[in-house]
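Engineer: Sequence:
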Amino acid sequence: MSARIRFARPDELADLVAIETAAERLFVDLGIELPEGSVTEAWVFEEACLEQRLLVAVDDGDRPVGFALLEIVDGDVYLDEVDVHPDFGRRGLGAALVRASCDWAVTHGHAAIALTTWRDVPWNGPFYRRLGFVEVPDAALGPELAAIRRAEERRGLGRQYARCAMRRELRP
315 MSARIRFARP DELADLVAIE TAAERLFVDL GIELPEGSVT EAWVFEEACL
365 EQRLLVAVDD GDRPVGFALL EIVDGDVYLD EVDVHPDFGR RGLGAALVRA
415 SCDWAVTHGH AAIALTTWRD VPWNGPFYRR LGFVEVPDAA LGPELAAIRR
465 AEERRGLGRQ YARCAMRREL RP
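To convert, note that position 89 of the sequence shown is 403 in the working numbering; the numbers rise steadily by one, no gaps.
Quick list of the computed label-pair ranges, beta carbon to beta carbon:
id : residue 1 : residue 2 : range
1  : R469      : R443      : 18 to 26 Å
2  : R320      : D452      : 29 to 37 Å
3  : R443      : E355      : 23 to 31 Å
4  : R323      : L445      : 21 to 29 Å
5  : G446      : L344      : 19 to 27 Å
6  : G446      : R320      : 20 to 28 Å
7  : R320      : W357      : 20 to 28 Å
No lab work stands behind these hints, which were simulated from the structure alone. All C-beta atoms, glycine included, are put in the ideal place defined by N, C-alpha and C.
Let the sequences and hints guide you as you build the complete structure.
Structural biologist: Right under this line is the structure:
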């Protein structure tokens, strides 16, 4: 399956909730307890869709099978969420979504893209390192990204596996 990435449409937002819910099962299978309410709220998807900050990977029938949700944090693009439905995993769709997110960032005049993730979960920290992201120590984070990290800790996201912030410099 070749990766085709485009902007999400309003009629697809329920599909994205289903994709995120299915993708979360991978973490549960690893023993990571996700906090209640960890699935993205519908209004977040709606707003991002309207502002064209929501990218989707689609199958051959043009149905979403993965997505990337983008925000702006400390002047960088923040990769808030990247999910691929497990039935379509290991086909390069996650990497294609990250590359498309980097392209979006450059097109919108941003010099870097950042994210927070589990440091050692194979499809998280190691995956992003392979794509050129480097870990940023908490002491070096901007105020908004530091607030995101603190909120993650309060929600209990770092209990079983360590979390970290990562950043990738971009060139136009």
